[in-house]
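A.B. asks: Sequence:
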Amino acid sequence: MIRSLVSRTGQMLLVIFGISVLVFCIFFATPGADPTARIAGRGASPQVVERIRAEYGFDRPLPVQYVKMMEKLFVSRDLTSFVNHGQRVVPEVLQAAPVTLSLVLWAAFFWVSGSLVFGIASAVLRDSWVDRLLMVLGLIGLSMPVFWLGEVVNLVTQSRWHDTFLFRWVPPLGYVPFSQSPWGWAKALFLPSLTLAVCFIGLYARVLRSELLTAMGEDAIRTARAKGAGPVRVWLWHGLRLSWLSYISLFGLDFAQLLGGGALLTEVVFAMPGVGRLTYQALATLDLPLIMATVMYAAVFVVIANALVDGLYALLDPRIMEGRHGR
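Residue 1 is where the sequence shown starts when you use UniProt numbering, and the numbers rise one by one after that.
These are calculated hints, taken from the structure and not from any lab test.
All of these numbers come straight from a predicted model, not from anything done at the bench.
Idealized CB from N, CA, C, for every residue including glycine.
Each hint should be verified, as a subset may be incorrect.
[To be verified] Using C-beta positions, here's what the derived DEER-type ranges look like:
1. 152 to 105: 16 to 26 Å
2. 57 to 181: 39 to 49 Å
3. 139 to 220: 24 to 34 Å
4. 14 to 151: 36 to 46 Å
5. 31 to 57: 19 to 29 Å
6. 220 to 26: 43 to 53 Å
7. 51 to 105: 40 to 50 Å
8. 117 to 33: 39 to 49 Å
9. 218 to 18: 36 to 46 Å
10. 161 to 10: 52 to 62 Å
11. 105 to 307: 14 to 24 Å
12. 125 to 307: 35 to 45 Å
Make the full structure from the sequences, and use the hints.
C.D. replies: Right, here's the structure in full:
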């Protein structure tokens, strides 16, 4: 157990290290991304350029610059932006993280609830008109780009029909902290999170339907029915228990990816100051410290989520752990 934990931790650290090196190298290989020129500005004299190179350490070898940046990012946490001079990037990411966390938690609630209802209903009523209708609706939701759907939602609720009875409650675009107003926080997050969830409900419902129908042919289901288990218990207990692996795997990685900035388009469309929008701003300005901070934030979430999914796999299906020990 301890050996497996140490091995997994080492793999996680290696992946994070590899991602940081890759991002660092890609940045300096990108045309027009020279931080010295961006900090000095247009028309700067050679003396000013040289002074900036020495001040920021750009005259040192790239490996030295990389180590120094990682030290400032993870140890002293005083890494500053190349664009907004003197502004530390770590507090900026930490300030944006609760916004993204709130958005993703609401979206996860909507897409898990919706996919469970649609997926179970489609499996129970397979090959009926209800099944076909739900699968078509899921496919439509899966096919709609989130930025397009978000703009349509804004067009309907923020402009022409905003003063109508249906949408009078919709607040202006932006985010309201929970500490400031719990009700305002909930209202500000409702439409953005629902918009984000629509793109996942169809996929998860289709996956759950497929897994449930496959599970119905398992020996455990036939045994449960032979022992007198009713349809509700067969579908909602035995069927779901046999169908969780693929669902949990998808959910863990998607949830972590969204927490790490994958909700970028949703945050930009709805003007929410989260990690995704921060990543968008960093890429638009080619601000390496901010890019590195947001990418490392995302990498940590995705790597940890992958490890947690593996652990849940082992708990739900002990044969996986037995197979690892047997090798």
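A.B. asks: Against this structure, judge whether each hint is valid.
C.D. replies: Do the hints match the structure? See the list:
Checked against the given bound of 16 to 26 Å, the beta carbons of residue 152 and residue 105, roughly 24 Å apart, stay inside it. Under the hint 39 to 49 Å, the C-beta atoms of residue 57 and residue 181, about 44 Å apart, fit the expected range. At about 31 Å, the CB distance of residue 139 to residue 220 agrees with the hint of 24 to 34 Å. Taken as a hint, the range 36 to 46 Å holds for the pair residue 14 and residue 151, whose Cβ atoms sit roughly 41 Å apart.
Checked against the hint of 19 to 29 Å, the pair residue 31 and residue 57 passes, with Cβ atoms roughly 22 Å apart. Taken as a hint, the range 43 to 53 Å holds for the pair residue 220 and residue 26, whose Cβ atoms sit roughly 49 Å apart. As the Cβ distance of residue 51 to residue 105 is approximately 47 Å, the hint placing it in 40 to 50 Å holds. For the hinted restraint 39 to 49 Å between residue 117 and residue 33, the CB-CB distance of approximately 47 Å keeps it satisfied.
The given range of 36 to 46 Å is respected by residue 218 and residue 18, whose C-beta atoms sit roughly 39 Å from each other. Distance hint check for residue 161 and residue 10: the Cβ-Cβ separation is about 56 Å, which falls inside the suggested range of 52 to 62 Å. Distance hint check for residue 105 and residue 307: the Cβ-Cβ separation is about 20 Å, which falls inside the suggested range of 14 to 24 Å. For the pair residue 125 and residue 307, the supplied restraint of 35 to 45 Å holds, since their beta-carbon distance comes to about 37 Å.
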